[in-house]
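**Student:** These protein sequence lines are chains A and B, in that order.
Number 316 in this note's numbering belongs to position 316 of the first sequence; there are no gaps in the numbering.
Number 274 in this note's numbering belongs to position 274 of the second sequence; there are no gaps in the numbering.
Quick caveat, the hints were computed from the structure, so don't treat them as lab data.
Keep in mind that this is a model prediction, so the values were computed, not measured.
Incorrect hints may appear among the rest.
Among the chain B residues that face chain A by a calculated CB cut under 8 Å, a handful are [said to hold, decoys possible]:
| id | residue |
| --- | --- |
| 1 | 20 |
| 2 | 23 |
| 3 | 33 |
| 4 | 51 |
| 5 | 255 |
In silico DSSO-like pairs for lysine-lysine, Cα to Cα no more than 30 Å straight-line [what the hints assert, rightly or not]:
| id | chain 1 | residue 1 | chain 2 | residue 2 |
| --- | --- | --- | --- | --- |
| 6 | A | 528 | B | 288 |
| 7 | B | 297 | A | 528 |
| 8 | A | 528 | B | 308 |
Idealized CB from N, CA, C, for every residue including glycine.
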Amino acid sequence: MEKPFAITLDPGSSLSNRTGSWRTFRPVYVDRLPPCNATCPAGENIQHWLYHAEEGDYRGAWDEIMRNNPMPAIMGRACYHTCENACNRNNLDATVGIHAVERFLGDLAIEKGWFVKVDAPPTGKNVMVIGSGPGGLSAAYHLTLLGHKAAIFEAMPHAGGMMRYGIPRYRLPIKVLDAEISRIEAMGVPIYLNTRVSDLKATMKERGFHAAFVSVGAWAPKRQDVTNDGSVKVAYAIDILRSIEEGGMPAEIGKRVVIVGGGNVAIDAARTAVRLGAEEVIIAYRRTRERMPAHQFEIHEALEEGVKLHTLRRVNECKEGYIILDKMVLDDTGWPVPTGQLEYLEADTIVMALGQDVDAPFLDHVSGVEKKEGNLLINDHMMTGADGIFAGGDMVPSDRTMTTAVGHGKKAARNIDAWLRGETYQPPKKHPVATFESLNTWYYEDAPPTVQPQLDIIRRQSGFAEVLGNLDEANALFEARRCLSCGNCFECDNCYSICPDNAITKLGPGRRFSFKYDYCKGCSLCVKECPCGAILTITEST
Amino acid sequence: MTDLNPQQKVKFYQKGTYTTSNRLVDARARLVQASMDRNNSLTCGHRACQGCGEALGARYAIDAAMRASHNQTIAVNATGCLEVFTTPYPETSWQIPWVHSLFGNAPAVATGVAAALKVRKNKQVRVVAQGGDGGTTDIGFGCLSGMFERNDDVLYICYDNQGYMNTGVQRSSATPPAARTATTQAVGDAPGNVFGTGKNVPLIAMAHNIPYVATASIANLKDLEAKVTKAMHIHGARYIHVNVPCPLGWGSAPHDTVRVARLMVECGLFPLFEAEFGEVTNVIKIRKRVPVEEYLKIQKRFAHLFRKDKPDIERIRAIQAMADANIKRYKLLGEGA
Ligand SMILES: Cc1ncc(C[n+]2csc(CCOP(=O)(O)OP(=O)(O)O)c2C)c(N)n1
Ligand code: SF4
Ligand SMILES: [Mg+2]
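The shape of chain A in the complex, shown without the other chains (with noise of 0.2 Å):
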């Protein structure tokens, strides 16, 4: 080719000059298990569900929520929420409502009528699903879903166990309940009501079922002798809380109660006393209101319709109408021990609040199931020491919440399945969590969380009606868009537009990115200018 004057070479294009050479540090593009996914104990993906509820999406969000837990109207108003403690978005301004996105997903499948469809192809195997509480309709549900035929049996008339018998009705109202146990029940899975197992193996050899799955729950209240002259009466809070829904006995509290107990269950005591008409409920904790196991929300919300916190309290005896306590101080090791002094409380109820033991007598000759400090003995593999019967919920050492139970029954569903196929499951390895510090703030709006409607305090005080309402959609959606998406690309293009070296590949929506490591000169601009953490920074290797 003829060239210009003093030209002799052919005009090229730097594309031909691979500065990936000059890298010493490649960044990855990573995916991080967020916070909340991480400590959800029934392992949903909430971040993946509030990825679709952010576009709209409820149909795609419910349906992710029911790969992992087939009750989000009942998780969304009555578990304890512990995502929301690990939500990165504490440290910005205030946690995603996670709950409240739930419920109304929860709430909008039970109005729509929306039902999950069972893909997997009959297996032709039984298993036998005892009690019919969170873990046992968990268990039930997935075994349904992997194709297995299971069946429920139940003690009580009504199904739900300790989600029916134990929370009140202002934290979850019983149509909300019925609605979310009939939905599994129309997947085919036949719940026997007033139905106590008595010999576990036999009726499995009976009936024809392969394998089991225990969880029934810890109903027996822990007793505490207190010298009592008789002027007193002694009552259990979950007595109370089980014969209200049995719609025994509500007027026999009295008027001045005293709870004695910490946690979750004598908050709900409290609150049903202050129903049930007391006009003094009075909670007596032998430790500070700190080291109370009840959630703090749940007792801000029982101090706010009247129940009174007596902490450093313990009780030493009812007498004449009065019970005294043991005034408390916490020594050194944070343990409380009594000062001598006495606190003197006129009332007519003493309410036993401190906790339940596992009571399941038919399990007592199944050989190989073991049993310690009144719990039962499971494996990794939820499995007990008798082969093929499986176990959880509050049965089993744990923290003895719903939505644990929850996770326990799609874990077991799972470990079932493997053994019922002659295998052990494995579960799928995580990802290291995305925490706070991985992310790029900067590029999130402030966004104050929005509030659940309240019931007014004088309609709290006086039923049961839901105290916490629902969020319209325009505020679901807001706060489902107020999700950071900690250590999962949530395509942004930042990366791809932040290169100086044009070196990243926008692979179009829903296929992410890709760097192009002949040009990538490794400046980890894209690393530190990613909002949620998803690229990670790795020595280049020669």
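Guided by the hints, dock chain B with the ligands onto chain A, whose structure is given.
**Tutor:** Chain B with the ligands alone, transformed into the frame defined by chain A:
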């Protein structure tokens, strides 16, 4: 006041409100830089340092100009890093018609290109001139002023990295006070560059009464793209002054290039504004104000201000006073973003 994020009308995307894009934003409203078919006017393989702010700013600006002109843009480049790292003979990183002549004459060459187009009655093709702060505020300044004064149909973009970086970090009239450069060493009674002088070319450009003047930063790339796009829809002389940190010259980490730029905006040292016919019409408010120390501390060119044995409190205060003066003058605080 325009929106803080001019491309984004709905303030409902808490996540991604300030990111380049967001899947919830209407596809037509997304940035050029978010599109898969952007021009990549300044493509891979160039020889800029790791984390170069100028390379980033230039791709944004020229891609936006290309989009706004339906790919009918000619760029004229002054001598400087941007020219040198993109066009080592016989290679080029430019995927557009691109002309380089001298260090000090880019505005005049651009004027000539615009005049030639006019003679040929070509109304589609637009002219962008670009150069570093040295080429703009020092040696090219006379040509630039003439281009403004004649209201030639050129958009001039200055990539300000506050020094003659291409030749080894010498001081320019855009180098800030106290900054250490090869020609303003951090020694003696007044270490680094002098205080009290400097040349504010955006304000000088405004004094020419031209249709459009703006400042921009790679800290706010949405804004940069919006300003270039807006300027491309105006005829006559236009000037955009873009702040582009230089990791090598400023002594900042390559991965901190955008962060330094951001801190410079957020502390008030680099106000982002637009002016039409000599009047400021829009400013971008500071979102999270920071003291100047946060900006200064991560750059080695200011390290002498933070000596462990004797931090230079007086000079840090003087720099803070400059930031405060900007905040007051341009009303950078408060609502209205
Ligand atoms: C007339 C003339 N004087 C000096 C030079 C040497 N020279 C080339 S680039 C440059 C500095 C450019 O600085 P600036 O315009 O700020 O651009 P940067 O490299 O910092 O991006 C100098 C001094 C030259 N090319 N021509
Ligand atoms: S911001 Fe979103 S992903 Fe991160 S912890 Fe909170 S809910 Fe989970
Ligand atoms: Mg320069």
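**Student:** Does each hint hold? Answer for all of them.
**Tutor:** Comparing the hints with the structure gives:
1. For the restraint placing residue 20 (chain B) at the interface with chain A, the shortest Cβ-Cβ distance is roughly 4 Å, inside the 8 Å limit, so the hint holds.
2. A least Cβ separation of about 6 Å between residue 23 (chain B) and chain A falls short of the 8 Å threshold, and the interface hint therefore holds.
3. This hint holds: residue 33 (chain B) has a C-beta 4 Å from the nearest C-beta of chain A, less than the 8 Å allowed.
4. Because the closest C-beta pair between residue 51 (chain B) and chain A is about 4 Å apart, less than 8 Å, the hint holds.
5. With a least beta-carbon distance of about 4 Å to chain A, the hint placing residue 255 (chain B) at the interface is held under the 8 Å criterion.
6. In summary, the hint linking residue 528 (chain A) to residue 288 (chain B) is supported, as the alpha carbons are separated by about 18 Å, within the 30 Å threshold.
7. With a C-alpha separation of about 18 Å, the suggested pair residue 297 (chain B) and residue 528 (chain A) falls inside the 30 Å cut-off, and the hint holds.
8. This hinted pair checks out: residue 528 (chain A) and residue 308 (chain B) have alpha carbons roughly 28 Å apart, not beyond 30 Å.
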